[in-house]
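J.: Residue numbers (the working numbering), protein chains in the order written: chain W, 1 to 272; chain C, 1 to 145.
Worth flagging that the hints you see were computed from the coordinates, not collected in a lab. Computed from a predicted structure; not experimentally measured. Every residue gets a Cβ at the ideal spot worked out from N, C-alpha and C, and that includes glycine. Do not rely on the hints blindly, as some may be mistaken.
[Claimed, not checked] Covered stretches of chain W, as calculated for chain C (at least 3 residues, CB under 8 Å): (1) 103-109; (2) 140-151.
[Said to hold, decoys possible] Pairwise CB distance ranges, derived in the manner of DEER restraints: (3) D148(W) - R90(C): 41 to 49 Å; (4) R181(W) - A19(C): 19 to 27 Å; (5) G27(C) - D38(W): 39 to 47 Å; (6) S3(C) - A82(W): 32 to 40 Å.
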Amino acid sequence: MTPVEYGVGIGWRPEIAGYVEHLPGLRFVEVVAESVHDVLPPGLETLLSRGVTVVPHGIRLSLGGAEPVDPARVEHLAAAAALLGAPLVSEHIAFVRAGGVEAGHLLPVPRTRESVDAVVANVKRTQAALDIPLALEPIAALFDWPDDDLDEGAFLTEILNRTDALLLLDVANVYANALNRGTDPLALFSRIPLERIAYCHVAGGSLHDGVYHDTHTAAVPQEVLDLVASLCSLHRPPALMLERDGDYPPAAELTAELDAIAAASGYPAVTR
Amino acid sequence: MSSLADRQAALVAALTSGAPVPAGFDGRMVEIARVALLRKRAGEVAGQWPALSAALGTDWLREWSAWAETRPTNGSLRDGWDFARDLLSRDALPREAGAELASREAALRYDGKTSPRARRLPAIRSAAGTVALQILGRVRVLYRN
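Next up, chain C with everything else stripped away, as it sits in the complex (with noise of 0.2 Å):
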């Protein structure tokens, strides 16, 4: 039998990134598991990205299980930061979102993978046709479509 470490990183995969359930485990139940934890990380990418969420409207739990069921979670902010920019990618993000991500992007450095950070020099950065512009720490959006 795998060892113990082994076991639990084979059940998180299939809770997290669409790995097969492990042998043994009730398929139902660890299903009724995943698509809850996928709600409970919508509610919470929500409350950061509540422009996102609010754009996507009723599609906005599909769009984002769609995304989020093989990509575990880096946290709430990085992950509807994630979604947002693969959206903005395939000409997706609503214009309604674009101030939120244009205003993120200018205020923070964020290069996927690690956890966003203060930017120090002034920036300006668009997003679905919004334009954000920070200075000092300050953001302002200069242009929204």
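Isolated chain W (complex conformation) (with noise of 0.2 Å):
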């Protein structure tokens, strides 16, 4: 990516389209690309016309599949950043489905040198169907593999350095893992290269039984902003977007999100 600054954007959904339409600073919002068809719904529309970079974020092209990626959903995102006109797309070291199964969800692969080189296969296959930058974003896992041989950051590292790609941060993982596992979430950064981080998502979760979701149906903990200001202390990204999946809440509270992460990155406000 270019070292344009966007600033704080959001994920745009179609439950809150009127309000981030209205949203008189913005210049970024992410899309999930599987939802981006022939034609755009009216408020990404506008929001294009104005200017405003749409990035498309795949979920579920299962990149950490040990098999190879589905050539027609990696067509289909690169259609998607094409026709949003995208400086980039993102995606996760992830799996979502295996033996012909759907998981649901985006799982953790394991940190081998076998699945280094699975999840590197992949992303190199999409990126040879894509004519702009894909970043990637490591994921939130409520559990770990047994034969893990490589830390977080040194497995994050070996990809992002075997592929070019660059780093989709998600400070609300890092957070979610950190706290998981009884770890320093700070730790992390020293070991990954912040400055290939193309943007980072910040969101919400909820904690049952003594576990952290990240369910982005919450809004931010103040863990999570001190997070993003630490982060932006050392190396602050181009942008920094507020992710919200479920029980939306009033624009009143979405503003106070958006503001608290300009705050916290030092970013301008983007909602007056």
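Dock chain to chain to rebuild the complex, using the hints, since each chain is given by itself in its own frame.
T.: The following block contains the structure:
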């Protein structure tokens, strides 16, 4: 990605399209790639006509799957990017199906050499169909594989180095993974190439049974905002965006969340 | 050691089909993930099938989870449809959910195996005491018990 600074953005969803359309300072949104079809929804057309950058975010490519990525899914991602005039696309380091069965969720891959090879092969297959950069997002995982022999930082860095991909860092995922494993979330920042961050996700979650779930259906916790501030003091990413995927709150609450991300990152508020 | 593909498939089976948790994983955390996945699917299906989830009320999450825990997702439209048909076959579909199912059965042709498709011919379907008629793609509920 060019070193353009987009500032604070938001995940575009049909349920909040009216709100997003009227954010005066907005320059960056992300849309779920699988929801993009030939005819764009009017709210998204309006944003594009205003010059807002719209990035397609894939959720079902299964880059971490042992099998090669489905060429039809890769083509759809490329077509969505072309339709939106996007400067980049993003997907997850995860698998979502195996043996012909859909998991219905992003699942962690083992952090092994064999698994790195599988991810790298799939990322390269995807990159071959794209004429813009691909950013990879590490997920929030509730459990790890028993045979992990690389830590998260080494695993990510290896994949990024071998593919030349950009990084989509989800600050809430970093928080969730560290909280659920009893580790220091800040430690990861010194182990990964922060200058490769294309943009960041910021979201809220909830505690169930003593475990933090990254649900995107609650307000962003202060701890995640503090982590955003820490990250930005080390290296401020070109864009940071709020992800909300359900239990949509009133506009005033979304505004407060966007303003809090602006305050934590030092970017101007996009809500006025 | 089995292949990465086999091991990924075994993990997916544990999370979606009631298969045993593969050796070496933290069983407690995989179980928490399995239950969280059912809860997430319940929310998505409730969005597609609002009358069905509302009719089951406080039983929704429990009833849905009992049905879904051995059935991997085919997307929330089909998941809710399969669940509603299963309830209907057991005479357990609430009357308040009848119009929703009958209307969809009249509007779309769904074989239970592939994505539902719009019907080209008129159709009349009933479910749990409700009758729905579709002509030229427009659905009317004719009779609601």
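J.: Range first: 19 to 27 Å. Now tell me if the beta carbons of R181(W) and A19(C) are that far apart.
T.: holds, 25 Å
J.: Are there at least three residues in the stretch 140-151 of chain W whose beta carbon sits under 8 Å from a beta carbon of chain C?
T.: holds (count 6)
J.: Using the Cβ atoms, figure out if D148(W) sits within 41 to 49 Å of R90(C).
T.: holds, 44 Å
J.: For the range 32 to 40 Å, tell me whether the beta carbons of S3(C) and A82(W) fit it or not.
T.: holds, 36 Å
J.: Would you check chain C against the stretch 103-109 of chain W, counting CB to CB pairs closer than 8 Å, and say if three or more residues qualify?
T.: holds (count 5)
J.: Given the hint of 39 to 47 Å, is the C-beta distance from G27(C) to D38(W) inside that range or not?
T.: holds, 45 Å
Going down the numbered hints, you'll see the structure goes against none, and every one checks out.
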